[in-house]
Amino acid sequence: DTAVSQTPKYLVTQMGNDKSIKCEQNLGHDTMYWYKQDSKKFLKIMFSYNNKELIINETVPNRFSPKSPDKAHLNLHINSLELGDSAVYFCASSKRASLLSLAKNIQYFGAGTRLSVL
Amino acid sequence: GIQVEQSPPDLILQEGANSTLRCNFSDSVNNLQWFHQNPWGQLINLFYIPSGTKQNGRLSATTVATERYSLLYISSSQTTDSGVYFCAVGWDYGQNFVFGPGTRLSVLP
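So the protein lines, in turn, are chains A and B.
For the first sequence, position 90 matches number 90 in the numbering used here, and the numbering has no gaps at all.
For the second sequence, position 49 matches number 49 in the numbering used here, and the numbering has no gaps at all.
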C-alpha cells in the first residue's frame, strides 16, 4: 500500500494549458503539503493544509490553487501554465504536532510528479 | 526567515568509506529531519531529530539545537547510499519547513 500517492507521475503539456495533480494519503494524517523541486534540486514549500484548512501559502502565483476535499486529499490545480512551472512537484503529509501534542511531525513524501511545460 | 546551509555540496566516496554531512540553521527550530533522495527521485525520511542522537544501522545523526547544527554520519558507505541528502527544519510545530540545498553523495564501487 502506497502511503502518499500522486498522479500523474509525468505530465507534459503546452504553455497556457490548465492541469491538475492529485494527491492522496492513507496514513490518517491531518496535515498535507505541496513542494516544488526545481532543476537544481532546491525544494521549497508551496502550501500546507491542516484538516482541509490552508495554513501556509508561500509566495506562489495565484495561478496555483490547492484544493482539499477532505483531509486525505490535497490536489494542486495550475492555470495558464508557464515554462518556469516545469519542475517536480511533491506532495507530503504528516501528523500535526502542537504544544500539547507529543506527535512527531515526520513528513512522508509521494513519489513526485514531473511537470514539463513546452 | 530561517536559513539552512548544508556542507559539503558534493561528496564522492569509495565504497566502504565513512562520511559526515553537516546542516547549519540560523534560528531556533522544533523540528529537524534528514531525508535521502535516491537516484529515482524518491524522498525517504531517515531521521526525525530535533535534538539528541539517533542511530539506524550504518547511519546516525546528532543535533545540537543550542548551537544550531545537525550532523549525519554514514559509515561503511555502499553504492546504494548515493543520492542527495537533505536537511529540513521546521517551526510552528512543524507546519512550515525549510529545506537545505542538499549534499549530493556519489559512492563509487
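Treat the hints as calculated values from the structure; they're not laboratory data.
All C-beta atoms in this analysis are idealised placements derived from N, C-alpha and C, irrespective of residue type, glycine included.
Hints should not be assumed to be uniformly reliable.
[Unchecked claim] Derived DEER-like restraints, expressed as beta-carbon distance ranges:
1. A/SER39 <-> B/ASN24: 19 to 29 Å
2. A/PRO69 <-> B/SER7: 39 to 49 Å
3. A/SER39 <-> B/ALA17: 28 to 38 Å
4. B/GLU15 <-> A/ASN57: 24 to 34 Å
(request) Give me the numbers of the hints this structure contradicts, sorted from smallest to largest. (result) Going through the list in order, the structure violates hint 4 alone and respects the others.
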